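Chain order of the listed sequences is S and X.
Mind the numbering: the first sequence is residues 0 to 386 in numbering that gives the first Met the number 0, read in order.
Mind the numbering: the second sequence is residues 0 to 386 in numbering that gives the first Met the number 0, read in order.
Treat the hints as calculated values from the structure; they're not laboratory data.
Among the clues, some could well be false.
What the hints assert, rightly or not - A partial selection of chain X residues facing chain S, derived with a Cβ cut-off under 8 angstroms: (1) P3; (2) A71; (3) D261; (4) D356.
What the hints assert, rightly or not - Just so you have them, the derived chain S footprint on chain X, three or more residues with Cβ under 8 angstroms: (5) 91-97; (6) 117-130; (7) 238-245; (8) 272-283.
Unchecked claim - Here are the in silico distance ranges between beta carbons for each label pair: (9) X:D122 <-> S:K85: 36 to 44 angstroms; (10) S:V301 <-> X:A107: 52 to 60 angstroms; (11) X:D338 <-> S:G104: 29 to 37 angstroms; (12) X:K333 <-> S:N150: 16 to 24 angstroms; (13) S:K108 <-> X:V313: 36 to 44 angstroms; (14) S:T34 <-> X:D190: 38 to 46 angstroms; (15) X:P219 <-> S:E309: 54 to 62 angstroms.
Keep in mind the model is a prediction, meaning the values are calculated, not measured.
Glycine residues also receive a C-beta, built at the ideal position from the N, C-alpha and C atoms.
2 protein chains.
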Amino acid sequence: MFVPAQPGDLVSSIQTPALLIDLNAFEENLALVHTYLKKHPNVSCKPHAKSHKCNEIAKLQIESGCTGICVAKLSEAVNLADAGIKSICITNEIVGDKKLDILVGLTAKYPDLEISTCLDNFDNAKDLNRKMKNIANKKIDVLIEVNVGQNRCGLEPGKPVADFLEQILTLENLNFVGILCYQGWNQHIRDSEERKKAVIEVVGGKVKSTLQAIKEANLPAPEIVTGGGTGTFIYEAESGVFNEVQPGSYVFMDNDYNLNGDGGIKFRQSLFLLSSVCSINKSGNFVVLDAGWKSTTMDSGVPVFKDYPEFEFVWGGDEHGMMKEKIASKNGEKSKKLDVEKFSLDDKIWLVPGHCDPTVNLHDWLVGVRDGKVESVWKVDARGPGF
Amino acid sequence: MFVPAQPGDLVSSIQTPALLIDLNAFEENLALVHTYLKKHPNVSCKPHAKSHKCNEIAKLQIESGCTGICVAKLSEAVNLADAGIKSICITNEIVGDKKLDILVGLTAKYPDLEISTCLDNFDNAKDLNRKMKNIANKKIDVLIEVNVGQNRCGLEPGKPVADFLEQILTLENLNFVGILCYQGWNQHIRDSEERKKAVIEVVGGKVKSTLQAIKEANLPAPEIVTGGGTGTFIYEAESGVFNEVQPGSYVFMDNDYNLNGDGGIKFRQSLFLLSSVCSINKSGNFVVLDAGWKSTTMDSGVPVFKDYPEFEFVWGGDEHGMMKEKIASKNGEKSKKLDVEKFSLDDKIWLVPGHCDPTVNLHDWLVGVRDGKVESVWKVDARGPGF
């Protein structure tokens with residue numbers, strides 16, 4: 000595992016490709032989320048570590064006022080628990096004998112750890128209950144995942160959730176605490192008014208009907224109604240229905256989020272992929288960079304250039320990307336001329352990744368920079384598919 | 000770094016998502032490449048480690064009769080040199096002060112290491128020459144990369160290469176050994192006859208004209224003419240012009256290569272992404288798996304199911320994928336019915352990745368399996384963007 004830089008290094012001497020964090024922008028984002036939530040004192044912020052997988056950042060989020068940390072999977076939870084994080088919510092279902100053993104083992108190993116996980120299947124709930132009883136001999140907090148439109152995991156809203164809740168209340172080592180209602184597919188509606196409208200519609204429909212069904216069945220109301228990503232958390236917070244939000248990308252941002260109309264929620268781009276010019280093609284008039292699919296992902300479009308937004312990033316395979324003139328736009332606007340003579344080999348080029356989460360997952364290190372110098376080098380502790 | 004399995008484990012107990020190697024298929028592929036090249040005794044096979052980034056596999060390739068190992072970048076070369084590989088070709092340009100120091104340091108650290116690198120820029124050549132003289136005080140083998148149509152790095156074919164060669168021959172610590180003429184863009188032409196024709200056209204045109212220009216300039220002929228990937232290496236080998244080929248994916252294969260007409264070159268799929276069923280949606284009639292963008296990449300299309308080719312993999316984000324019925328085809332053929340009742344939570348589902356190289360780059364471990372049991376667990380030593 001090659002460390003791309005050491006504290007004190009100049010940015011120009013960082014080994015590329017490497018992921019940088021602009022620490023000024025990052026620290027501003029850490030604080031901003033709480034500024035935005037100030038008007039909603041009943042709504043706590045439990046940010047999602049799937050974006051950074053980094054213990055150091057999770058600790059800074061807790062210091063900034065977050066009440067705990069969300070994770071996408073067990074390996075992320077194990078890392079954070081080992082690092083001393085005291086409140087962790089796994090926002091997915093943990094399935095399978097070995098994984099349940101690890102989860103139950105965590106509750107036994109750390110008696111003061113508040114850890115919760117999601118359920119959408121009674122067989123799985125029974126397995127978890129049995130292991131909590133036999134191995135840990137205590138209760139574990141559980142949330143029911145509601146399929147409010149993501150169409151992935153979760154139970155259908157309304158009565159199916161109430162019926163399931165009635166079942167899991169019979170399991171004595173599970174402690175029902177809430178419902179997870181995440182609107183992932185709404186995070187990137189570009190127009191902020193449309194996005195807000197879409198969120199409100201889901202809250203007023205699928206979320207409220209679920210709460211209503213639970214009430215009508217005379218079952219205990221969920222203490223926690225959670226969900227909300229970087230693109231929508233403010234709307235969930237304003238709804239009066241949610242009392243917890245889970246933004247993740249807000250610490251970094253990416254090009255996909257930057258293409259959103261912000262609706263007044265203005266996080267700064269803090270994550271960059273630093274690349275170097277490794278070849279200059281004068282006859283073809285393009286510059287080749289040492290950054291391809293193995294250093295930034297393509298699931299949410301191409302990266303853009305921080306300092307050269309007028310030019311286009313073109314994928315060059317696993318290890319390369321090209322800076323090229325944009326094709327002239329449809330309205331007859333001419334593309335800006337790219338003067339390759341202005342570039343030299345080893346010039347550093349800053350890219351804004353298309354999607355921060357899977358890009359961070361490619362890297363072992365996050366290099367924190369300020370004023371042209373490296374200040375911190377943080378490990379991406381839970382990097383990888385893990386378990 | 001969580002190890003997904005131990006030798007002796009049953010496949011059903013491997014922690015998912017995890018990359019598996021079907022060792023029978025893998026070993027067959029290791030041998031097959033030499034069977035195919037038997038008719039061409041003057042052509043050596045220097046396979047590309049960018050596909051596996053794994054020291055163990057590189058050693059097995061050498062044992063199988065390969066003359067050395069190609070790598071895409073310096074971090075891969077460092078790993079292999081430290082693991083005792085004696086012949087390494089870096090098929091890209093190494094640019095920048097620190098990277099050149101590391102390369103030159105390798106030649107000093109391992110006196111019996113035959114290492115070569117590519118050039119396409121005279122400033123870079125002079126930098127390398129100066130460091131080889133001042134630090135290592137010896138010569139390093141260099142190849143000129145020729146842009147035979149990849150339109151990425153490399154010099155234009157013909158006279159530009161001859162002119163550049165004349166320049167680098169003046170640099171006393173560089174030892175010109177050959178030219179790299181890689182046809183990456185031709186690897187996935189589906190029809191094997193068309194693919195062969197495309198390769199032959201490039202060899203007869205851009206490659207031969209480059210050799211001709213070198214000859215006409217009375218410069219030393221390249222000892223090595225190298226290139227060729229898994230989709231085309233046999234055509235380069237047959238050409239009589241190439242004396243080295245660099246297939247990489249052949250050890251694993253992937254869905255993109257499997258969609259090629261093989262033209263009689265039949266490698267077996269040995270690489271699989273093992274996933275588990277983590278949710279079952281009965282009303283939506285789909286199964287959710289714990290495998291998404293963080294465990295297999297989307298640059299070359301979706302993965303396919305080894306045992307359920309009739310169903311479709313649908314991305315569910317970073318950590319999820321769905322098994323769904325295929326949309327009925329245009330010719331009126333009905334899609335096969337997916338009976339979700341046949342699946343249980345934690346069922347293991349084998350996926351064939353769309354593109355092996357960047358998928359391997361997501362994982363820390365390659366789990367070798369045979370007869371339903373884990374036999375080996377190999378580290379992906381050079382995983383990551385590295386340097």
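Quiz item: Which numbered hints turn out to be false for this structure?
Solution: 3, 7, 9, 10, 14 and 15
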